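Colleague: Sequence:
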Amino acid sequence: MTLLAVELRESTRTLHAEAGRSKFMKYFFKGEISMEIYGRFLISYYHVYSALEKALDQNKDNAQLSLIYFPKELSRKSSLEQDLEFYNGPEWRSMLSPITPAQQAYISAIERCSTSTTPELLIAHAYVRYLADLSGGQILSKRLQKYNGIPEDKGVTFYRFDLIEEPDKFKEMFRKRLNQVEISDELRELIVEEARLAFQRNIDIFQEFDGELEGLPMTRHEQLENLAALEKEKAQLAAEAEAARAKKQADLAASARTGFLASLNPANLWNSLVGTQTVDA
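Just so you know, we're using the UniProt record's numbering here: the sequence shown kicks off at 1 and counts up by one.
It is worth saying that the hints were derived from the structure and are not from the lab. None of the values given here were measured: they were computed from a predicted structure. Yeah, the Cβ is synthetic: ideal placement off N, Cα and C, and Gly gets one too. One or more hints might be untrue.
To be verified - Here are the computed distance ranges between Cβ atoms for each label pair:
#, residue 1, residue 2, range
1, GLU32, GLU186, 27 to 35 angstroms
2, GLY31, GLY89, 41 to 49 angstroms
3, SER94, GLN207, 21 to 29 angstroms
4, MET173, ASP61, 15 to 23 angstroms
5, VAL6, GLY211, 34 to 42 angstroms
What the hints assert, rightly or not - Distance condition first, Cα-Cα at most 16 angstroms in a straight line; then the derived EDC-like pairs of lysine to aspartate or glutamate:
#, residue 1, residue 2
6, LYS72, GLU85
7, LYS248, GLU166
8, LYS23, ASP210
9, LYS60, GLU73
10, LYS169, GLU73
11, LYS23, ASP153
12, LYS146, ASP162
13, LYS247, GLU166
14, LYS30, ASP210
15, LYS154, GLU85
16, LYS142, GLU32
17, LYS169, GLU242
18, LYS72, ASP162
19, LYS77, ASP162
20, LYS146, GLU32
Please model the entire structure based on the sequences and the hints provided.
Modeller: Listed below in structure tokens is the structure:
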């Protein structure tokens, strides 16, 4: 049987690419999403994550959901609140209504899973949302800062996971937990289908902003260029992270060698000997 993490990835690959090629993401990567539009876009995500994290909390005792329940490390609601105030001001909560059709459809999908006899369906929504944030968040935050002159510590809290030191290792652990989920074949198929639905709900949110974005729809060539740029930046970030880990390990090894060599210094050996004799006396 195919591992659940692999099945989720493969079954959503096409929709994942479609989301990356959306008009909203095209303008995002070109730096043409205004701070005003982005501030309103975050309201959609605030509704989604409020519903998701409430649902996960309500079902945290479910044996299968508990495997991928990491509220301290992954929860995004409080970080979204900080960013919403940055972009929309202290009265941002007044902008939460009315709820748009795409927002409501996403919320309803999550609530349906939460209150059903199979809350394990929430695994699909956690997979789609949190792994996407961990994978692409750094790239998106850099784009926001680059094109809008945003200070490094402002406006991108949503993309920062302060309690996750190494995102790649965390994602690997998360996928292993997915593969430990014990469910029937029927429920497994439903979870995979729910993941596809979650991706579509996310695309629907993007499309609600299409009417505000100027320019012609992307050609197929532009879509592929946009996706290639994303993959290139993801690879570059991964390489930088790997280099940083290697440097950290090298520094630790060098520090250990320095300490050992210092202990062989004649003066240090003599002080150690005298100290030992003093204790013995």
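Colleague: Hint compliance check: list the failing hint numbers for this structure, sorted ascending.
Modeller: Of the numbered hints given earlier, those the structure breaks are 1, 2, 6, 11 and 12, listed in rising order.
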